[in-house]
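Listed here are the chains, written in short residue letters.
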Amino acid sequence: MSFSLDSLSAVELSKLIKSGGVSAKEVTEQAYSLIESRDDKVQAFLELTEDLAFSAAQKIDEARAKGEELPALAGVPMAFKDNMNLIGTHTTCASKMLEGFESVYTATCVQNMLEAGGIPLGKLNLDEFAFGSSTETSYYQTTKNPHDLERVPGGSSGGSAASVAAGESLITLGSDTGGSIRQPAAFCGVVGLKPTYGTVSRYGVVAFASSLDQVGPFSKTVEDNAYALQALAKKDPRDVTSQNITADFISQLTGDIRGKKIGVVSSMIEAKGVSEETKRALRKAQEHLKDLGAELIEVELPHAESAMSAYYVIGPAEAFSNLSRFDAVRYGHQAKASNLGDQTSHSRYEGFGPEVRRRILLGSYILSSELYHEYYYPAQQVRTLITKDYTDAFEKCDVILMPCSPRTAFKFGEIDDPTEMYLSDMFTVSINIAGNGGISLPIGFGDESGLPIAAQLVCPAFKDADLLKVAHALEGCYPKVEVAKIMKAGE
Amino acid sequence: MKTLSEVFKKYEAVIGLEIHTELTSLDTKMFCSCKNSSTDPVNQNVCPVCLGMPGALPVPNKDAIKSIVLAGLATNCDIEKNSMFYRKNYFYPDMSKNYQITQGPVAFCMRGHLDLDVPTKAAQERVDIDKEEDGSYIAHIGITRIHMEEDAGKLNHIGGVDGRIAGADHSLIDYNRCGVPLIELVTEPDLRTPEEARLFMQKLREIFLTIKISDCSMEQGSMRCDGNVSLRKRGAKEFGVKTELKNMNSFKNLHDGLEYEIIRQANVLEEGGQVYQETRHWEPSNKRTVVMRTKETADDYRLFPDPDLAPYDLSDEFIDSVREFLPELPDQKRDRYIADYGLSKQDASELAGSLEQSSFFEEALGDKKEIAKSLANIILNNLAGYLNAEGLSISESKISAESISELAELLSSDEISSKQAKDVFAIMIEEDELPRVIVEERGMKQVSDKGAIVELVKEVIAKSPDQVQQYKDGNQKIIGYLVGQAMKASKGQGNPKLINQTLREELDKL
Amino acid sequence: MALTSDDARRIADYARIAVDEGDLGQLADYLNNMMETLAPIKEFDLEGVEPTFHPIGDLTNVMREDEPGKSLPIELALKNAPQTSDRYFRVPTILGGQE
Ligand SMILES: [Mg+2]
Ligand SMILES: [Zn+2]
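Residue numbers (the numbering used here), protein chains in the order written: chain A, 1 to 491; chain B, 1 to 510; chain C, 1 to 99.
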C-alpha cells in the first residue's frame with residue numbers, strides 16, 4: 001500500500017478514496033493494523049467493530065464503483081466514545097453497570113457520522129459515565145497518553161483524544177459536559193471542539209448532565225473538525241434542545257482573519273495555577289494572532305470563577321436524576337438479592353464505581369428540598385450571570401482566547417483527591433454553563449515538559465463557524481499536528 | 001357515630017380530590033411516538049424513550065398540550081402561557097426512568113372551578129347551607145390546577161393473594177402504559193360531602209367526555225380518583241389531619257369510601273384519638289379503608305425543571321385555536337334546554353349532565369320542540385330506569401332514538417297517558433316493536449273523548465256516594481280517589497287530565 | 001451544619017445506593033467538603049436575577065405531532081433485561097424483606 005493514514009488528514013484521505021487512489025477496504029485494513037500495533041500501548045478502544053467497519057467500507061467501494069457521488073467523509077476511519085449508542089455494539093460507559101449492554105438503537109450523532117461516510121472502527125474508553133478528567137475511572141482499562149505512556153490522556157473523552165493522537169482513528173466523537181472534549185484534546189495534542197449547546201443532537205448519548213452535555217469531534221486538523229461538525233450539526237426531532245443550524249463551517253476556513261477581534265482574558269492566562277510554559281505558549285499565540293492581522297482586545301469575565309461552583313451543583317444534580325434509570329430492571333448489572341429494594345441498591349453499589357456513586361449522592365443531596373433553594377436555584381441564577389458575562393464580552397470581540405487546561409497532562413495517580421481533580425476543568429466549565437462553543441487547539445509543545453499545550457478559543461452562541469475560522473488561521477502558524485512520535489517508533 | 005348525619009352535626013368534612021385522566025383519545029404517548037393503546041400484547045408499545053434506555057430523550061406530544069389546554073378552558077381555568085416540565089424523582093419499577101416527568105409550581109391550567117347542581121336527594125348530606133325550595137343547592141368547587149404528566153407502567157404481582165403486592169413473590173412489568181399522557185386535576189379542599197365529591201367527579205367526567213380527550217373509563221383506570229379527607233369541628237378554621245384515600249374506582253366507591261373514612265375519623269376523634277397522616281386503601285368488598293403507608297415526613301421528590309425539555313411560552317393564537325374546539329359544555333346545554341324547550345331545571349341539568357343522554361335526547365327530538373318535555377321524561381325515567389337496572393349504556397340497548405321519539409309524540413299529544421307510556425316502553429323492550437304499532441294492536445289509546453269520559457265519571461259518582469258527600473263537605477283531596485276509580489273503570493286508558501276536569505264539573509253540578 | 005454518617009446513610013438510601021458502614025464517615029466528609037467548596041454559590045448578590053434552567057437556543061414550545069412511529073420489537077426491548085418472564089420484565093418481591 002502506497003498510502004499512510006499517519007500522514008493524511010480525514011479530508012485528504014476522503015479525496016484520495018473518491019479519486020480511486022485507495023479503496024475504503026484498504027483504509028479499513030490499515031486502520032485495524034495500526035490499532036493492532038498501537039492500542040496495546042494506548043488502550044483507547046473498549047470494543048472493535050470489524051464487521052460494521054468492513055461492511056461500511058464495502059458499501060463505499062461499491063458506490064464508487066457504480067460512479068455514485070460519495071459523502072464528504074467517505075471512507076474515513078472513525079470511532080465513538082463508548083457513551084454513544086450504536087446498534088450492533090456494546091455501550092458500556094466504561095462502567096461495570098453496563099458490562100455486556102447491547103445498544104438497541106443508534107445515537108443521532110453516530111448515525112450522522114456514518115451517513116457522512118465514516119468507517120466505524122469501534123468504541124472508545126472514557127471516565128466511567130464521563131465523570132472525570134483523566135479516564136482513570138474507567139472500569140475496564142487505563143488509556144495512556146500517546147505522547148507519554150506514563151501520563152493520562154485527560155478525560156472524560158480520553159479514549160477519543162488518545163485514539164486520534166495515536167493515529168488509530170482520523171475522527172472520533174466525544175462528549176463535553178465541563179471540558180471533557182477540550183481538556184483531553186489539549187493533553188493529547190489534537191483538535192477538540194465542543195460546539196455551542198444545541199448544535200449536535202444528544203439523542204442516544206448516555207446523559208451525564210442534560211443541560212451541559214454536548215457532542216463534538218476530535219481530529220488532527222481544524223478542517224477535519226469543520227467537516228465533522230458539518231455532518232453533525234443537523235436538527236434532530238428526537239432532541240428538543242437540538243437547533244436548526246444553517247451555518248457553513250467549511251467555506252469559512254480561508255486563513256484570513258484580518259480585522260477579527262480576539263478577546264483576551266489576561267487574568268485567566270496569568271492566573272496563579274497556570275504553568276509558566278502554558279503562559280508562554282499562550283502569549284506566543286497572541287503574537288501569532290496579531291501577525292495574522294487580528295485585533296487583540298482585553299475582556300473580562302467577572303463571574304467565570306463562580307462557574308466551578310455552579311458546575312458542581314448543576315452537573316451532579318442532573319447526573320443524579322439521569323442515572324436513576326440504572327436500576328438493574330430493564331438492563332444493567334444486577335446484584336443477587338431477595339427483594340427489589342436490596343436488588344436496586346446493591347446493583348447500584350456494585351455497578352457504579354466510587355466517583356460515580358459520589359456524584360450521584362452529591363446530586364441527590366443538592367436537590368433535596370432543604371438545599372434546592374440554597375444551592376440549586378442560586379446556581380441557575382449564577383448561570384444567568386455567567387451567560388451575561390459572555391454576552392457582554394462578545395459585544396467587544398468575535399472570539400475569546402483563554403487557557404484550556406492550567407497545565408499539561410499529569411501522571412497516573414498524581415492527583416488522587418477528587419476535589420483537586422475537579423480543578424483541571426477550571427477554564428472549561430464556564431463555557432458549558434453558558435452554552436457557547438469552545439475549541440481546544442494544539443499550540444506546540446511545552447518548553448519544559450515537552451508535552452502538548454493547547455489554547456482554548458470561545459465563540460458566541462451559534463458562531464461556531466467563526467471559532468473554526470480563527471482556529472484554522474492560528475493552526476497555520478504551527479507545524480502540522482503529527483501522530484505521537486512514540487506510536488510510530490518500532491513499527 | 002354510625003352515620004354521616006350524626007357526624008355532620010358536630011364535624012365538617014373537608015375533602016379535596018386528585019383526579020388523573022389518561023388522554024386516551026391521542027394516538028401516541030406523551031414523550032415518544034409509541035402507540036397509545038391499552039389493548040395490545042404486553043410490552044408491544046415500548047421504545048428506547050419510554051423504556052428509559054440510556055441516551056433516549058423525551059419530545060412532547062403537541063396534541064397532549066392542546067388537550068390539557070382544552071380541559072383547562074372547559075373547567076374555567078386560567079391558561080398559564082409560561083410553564084415547564086419538571087422531574088419528580090422516585091424509585092419504582094413501573095416508572096422506567098425512575099423519575100416522572102410532570103409539572104412544577106406552575107401548571108398549564110390554574111385556578112379553575114366547577115359549579116355543582118346538587119339535586120334534592122344528594123343535597124340531604126349537607127346540613128350547613130341554605131338550600132333552594134326543592135332542597136337543592138349549588139356548590140362552587142375550586143380547581144387548584146391541572147397539570148400534564150406521564151403515566152407509569154403496569155405491575156402484576158405474582159404469588160400473593162388476589163394479585164396483591166403484599167405477600168407477592170415477584171412482580172412482572174408491562175411498560176405499554178408507561179409514558180401514556182396523563183392530566184392530573186387537583187381541587188381546592190372545597191368539597192364537604194361524599195355526594196359533592198361524587199357529583200364533582202361525574203361532572204368532570206362528562207366535561208372530559210364532551211371535549212373528547214379521554215374515554216374516562218373508571219373501570220379500565222383511564223380516569224382515577226384519590227381523595228384527601230380531614231375533619232374539623234363545625235366553626236373551626238384550622239384544618240384537621242388528612243388522610244389520602246386510594247382505589248375509589250367507581251362513583252359508588254368514591255362516595256362510599258369517603259363516607260366510611262369520614263365516619264372512621266369522627267370515631268377516632270370522638271374517642272380522644274388522633275388521625276394520622278397516611279395513605280389508606282378503600283376495600284369495597286370489606287367496606288373499609290386500610291392503611292397502605294404512613295407518612296412521617298412529606299415526600300422529598302427532588303423536583304427540578306427537566307433540562308431535556310423546553311419551557312413553554314404559549315401564544316394567544318395557540319390558545320385561541322384550541323378554544324375553537326370547545327364544544328357546548330353541560331352547563332351551557334342545561335341553560336339552553338331550559339330556555340329553548342322549557343324543561344325544568346332538574347330535568348335539564350340531569351339530561352345535559354350526561355353526554356350520552358343529551359346526545360340521544362337531541363337525536364330523538366329532531367325539530368319537534370313540542371315533544372321535548374315528554375321526551376325528557378321518558379329518557380330520564382323510563383329509559384334511564386331500564387338501563388340502570390340492566391347495567392346497559394344507551395348504545396348497548398336496542399332502543400332507537402326514532403322509537404323513543406315516537407313514544408314521546410304519543411305522550412305529548414295526549415294519545416296515551418304516562419302510565420300507558422310506561423307500559424308501551426316495557427313492551428318495546430320485550431318485543432322490539434314500534435310504539436304506534438303497540439298502541440294500535442293493543443287498543444291502548446288514551447280515551448280523550450269527552451262524551452265517553454262523562455259517562456265514566458257519572459258511573460263513578462253513582463257508585464261512590466260516601467266520597468261524593470265528603471267532597472261536598474269540603475274535602476278536596478278525595479277527588480284523587482274518584483279519579484283513581486274512573487281510571488280503573490277506563491282500564492287505564494282514560495285521559496287523567498280530562499277525567500279530573502270532568503269530575504269537578506259533574507260534582508259541582510250536583 | 002455538617003452532615004453526620006447517619007445523614008449520609010439517608011442520602012444514600014434515597015439514591016438507592018448501598019453503602020458499607022465503614023465508608024459512611026468518608027462519604028459524609030466528601031459531602032461536607034463539597035458543600036463547603038460550593039458555598040460561594042450562596043454568597044452572590046442574586047436579588048432579581050432570573051435562573052437559567054434551560055440552556056440557550058430557540059427553546060420554547062418544542063413539540064412533535066401526534067403521529068405513531070416505530071416501537072421496539074420485543075426481542076430488542078427485553079434483550080438486556082437481567083430477568084424476564086414471557087414478554088414481561090421481572091423483579092423480585094417489592095415489599096418482601098422490608099416489613
Ligand atoms: Mg401526579
Ligand atoms: Zn415509547
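If you're looking for bench data, these hints aren't it; they were derived computationally from the structure.
Among the hints, erroneous ones may be present.
Covered stretches of chain A (in silico footprint by chain C; criterion: 3 or more residues with CB under 8 Å from a CB of chain C, positions within the stretch not fixed) [as the list claims (entries may be wrong)]:
{"id": "1", "region": "240 to 251"}
{"id": "2", "region": "470 to 480"}
Pairs of lysine-lysine residues, derived as DSS-like cross-links and limited to a Cα-Cα distance of at most 30 Å, are as follows [as the list claims (entries may be wrong)]:
{"id": "3", "chain 1": "B", "residue 1": "66", "chain 2": "A", "residue 2": "388"}
{"id": "4", "chain 1": "C", "residue 1": "70", "chain 2": "B", "residue 2": "488"}
{"id": "5", "chain 1": "C", "residue 1": "70", "chain 2": "B", "residue 2": "66"}
{"id": "6", "chain 1": "A", "residue 1": "59", "chain 2": "C", "residue 2": "42"}
{"id": "7", "chain 1": "A", "residue 1": "234", "chain 2": "A", "residue 2": "272"}
Only a predicted model underlies this, so the values are computations on that prediction, with no experimental measurement involved.
Don't be surprised by glycine CBs; every beta carbon is placed ideally from N, CA and C.
Would you check the hint for residue 70/C and residue 488/B, treating anything up to 30 Å between C-alpha atoms as holding? 71 Å, violated
Tell me if chain C covers the region 240 to 251 of chain A under the three-residue, 8 Å CB rule, please? This one holds; 4 residues, not fewer than the three required, reach chain C with a Cβ under 8 Å.
CA of residue 66/B to CA of residue 388/A, is that 30 Å or under? Violated, at about 35 Å.
Quick one, are residue 234/A and residue 272/A close enough, alpha carbons at most 30 Å? 41 Å, violated
Are three or more residues of the region 470 to 480 of chain A within 8 Å, CB to CB, of chain C? With 0 residues closer than 8 Å to chain C, the region 470 to 480 of chain A misses the three-residue bar; violated.
For residue 70/C and residue 66/B, compute the direct alpha-carbon distance and say whether it is at most 30 Å. 23 Å, holds
If you draw a straight line from the CA of residue 59/A to the CA of residue 42/C, is it 30 Å or shorter? 57 Å, violated
Of the hints listed earlier, those the structure fails to meet are numbers 2, 3, 4, 6 and 7, in rising order.
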